[in-house]
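**Student:** Sequence:
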Amino acid sequence: MNYADFYRRSIEQPQEFWGGEASRVHWETPYTRVLDDSQAPLNRWFVGGRTNLCYNAVDRWAQAQPGQAALIAVSTEVSADGEPVERIYSYRELQAEVERMSAIMLALGVGRGDRVLIYMPMIAEAVFAMLACARIGAVHSVVFGGFASNSLATRIDDAQPRLVISADAGSRSGKRVPYKPLLDEAIRLASHKPATVLLVDRGMVPMDLVPGRDVDYAALREQHIDAQVPVTWLESNEMSYILYTSGTTGKPKGVQRDVGGYAVALASSMQHIFGGAAGETFFATSDIGWVVGHSYIVYGPLLAGMATVMYEGLPTRPDGGIWWRLVEKYRVSRMFSAPTAIRVLRKQPQELMDKHDLSSLKALYLAGEPLDETTSAWIQGALGVPVIDNYWQTETGWPILSIARAVDDRPTRLGSPGVPMPGYKVKVISEVSGDECAAGEKGVLVLEAPLPPGCMQTVYGDDERFKRTYWSNFNRPVYSSFDWGIRDADGYYFILGRTDDVINVAGHRLGTREIEESICSHPNVSEVAVVGVEDKLKGQVAIAFVIPRHNDGLSGEDARQALAAELMATVDRQLGAVARPAQVHIVSMLPKTRSGKLLRRAIQAVCEGRDAGDLTTMEDPASLQQIRDVMRR
1 MNYADFYRRS IEQPQEFWGG EASRVHWETP YTRVLDDSQA PLNRWFVGGR
51 TNLCYNAVDR WAQAQPGQAA LIAVSTEVSA DGEPVERIYS YRELQAEVER
101 MSAIMLALGV GRGDRVLIYM PMIAEAVFAM LACARIGAVH SVVFGGFASN
151 SLATRIDDAQ PRLVISADAG SRSGKRVPYK PLLDEAIRLA SHKPATVLLV
201 DRGMVPMDLV PGRDVDYAAL REQHIDAQVP VTWLESNEMS YILYTSGTTG
251 KPKGVQRDVG GYAVALASSM QHIFGGAAGE TFFATSDIGW VVGHSYIVYG
301 PLLAGMATVM YEGLPTRPDG GIWWRLVEKY RVSRMFSAPT AIRVLRKQPQ
351 ELMDKHDLSS LKALYLAGEP LDETTSAWIQ GALGVPVIDN YWQTETGWPI
401 LSIARAVDDR PTRLGSPGVP MPGYKVKVIS EVSGDECAAG EKGVLVLEAP
451 LPPGCMQTVY GDDERFKRTY WSNFNRPVYS SFDWGIRDAD GYYFILGRTD
501 DVINVAGHRL GTREIEESIC SHPNVSEVAV VGVEDKLKGQ VAIAFVIPRH
551 NDGLSGEDAR QALAAELMAT VDRQLGAVAR PAQVHIVSML PKTRSGKLLR
601 RAIQAVCEGR DAGDLTTMED PASLQQIRDV MRR
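Going by UniProt numbering, the first residue of the sequence shown is number 1, and it counts up by one from there.
Don't read these hints as lab results, they were simulated from the structure.
Derived pair list, reagent style DSSO-like, types lysine-lysine, alpha-carbon separation capped at 30 Å:
| no. | residue 1 | residue 2 |
| --- | --- | --- |
| 1 | K538 | K329 |
| 2 | K329 | K175 |
| 3 | K592 | K442 |
| 4 | K355 | K175 |
| 5 | K175 | K347 |
These numbers come from a predicted model, not from an experiment.
Assemble the whole structure, with the sequences as input and the hints as a guide.
**Tutor:** Written out as structure tokens, the structure reads:
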């Protein structure tokens, strides 16, 4: 079957198409209906079917290939010489560890439907925790390790977890980041107080346990060393996890995912998009705090019976050849990374790549931000394998646009993430009229209902916010990606940036409004505008322009830089280092329309050296000139 027929069938006959794909998953109880869209957009997939993500990812492979490697946990952050510390778990061993973690959770009172918040570094125990939640029917919510206390507190209050699982510390570039103090402060700030905190002691920093709340993982593991915990079979539409993503307001959105639809979508994508096969090795260089880590470090590769590499560290530590060493050692067949990481590796000595045998690698997949021509040409020439872009969102859980090379070998097109994947009815429509745009005409990329399996069910705890945020932006019910796009005459799509105030920094989605609110919490800030500015390495970086409340003492450059440093530290403390602006500029005015609306797009254009466009509604042209002046300094 060629791509055109394959895709057409998924759109015109979704019940039959996805019914066929569902055979990739074990169903303890058969479903009675593939799709129920009677309450659209709150759709239900594989209604009545009972299955379990952990069983499909672990147990069935522990039976079929017990000695096959399942999880390869690698760290370059916990050894003095920077050489990798590696732990390899077979499918049989992974099942045993997951059952031990499951028994611990049950002993701590966690039951079906309870939320478990996981705030951990990239270590094997984090995967055990995710899979144990799936096994017993609990709902996990993974928060990126090292996230600032304020941000963590908002997620604790929203998810209201019964249990939090964390560790003493993580590490980045050799610098230890104590997690326990950040977590303690988050719990202090949160209104909801979790009953128990389970802690993995890596021996990196001392920990003071809170009596009656904190418990040690190692001690409990020993108590449950021979645990056997049966799988809890879940109806397909029960919750599997909540993953928070930046929104256009300060309140994060909890993307809620189901069980059965997610399992089917990932199993399908591993076959058609990634071409993975049982016994091979998959290496995704993301983090389990992000959706790529959920889908393609943990669940996707294991659903396909592959070994998955979980990596803690930088791509340049101990040197720029570490990832290629892992590809060679573990015979990685498919690798998934981001353009930012490849741009970093391009700056490393070529011999660090050339000295490794990379013949096992069949394809490199990149996502998270636009792929530029220079980076694409270099990595494709260096590896001699297809380099395949793909585009998706936390909300969708798996690629919207890519090239399904297992279906046909259509070429990639530079600058384009590809063509629609099965089940995604992709359109580019006018922001003004809502009509579909012609080829080559810029519009908003949207998805027509129904979304395929695996996409978000709703915003956790708020169906109305889900409908209002994603489905009510045009004169017909379509899901808005909030991205500008263009479709060419051959059906390839090109992504042109955000329509809202969410920016993409090295693959991390950040709400500029959240950064603004953080900066505004400083006592000497009157107004602030944060924009995302193009950056050759990271895709975008945040730049802040601040009007101080009091100008006393700010006449000198040293004083302005001191205030800027304080504001960066404020963002660090409240949102984490990933949200810290690359630059903070102190100004006396900000460009606004006569009605008082900030001209963020004009500010962004000036920062990027572009024409600011129509400024007829701007109140004071001097305000934009001031932006130009500070950017020239």
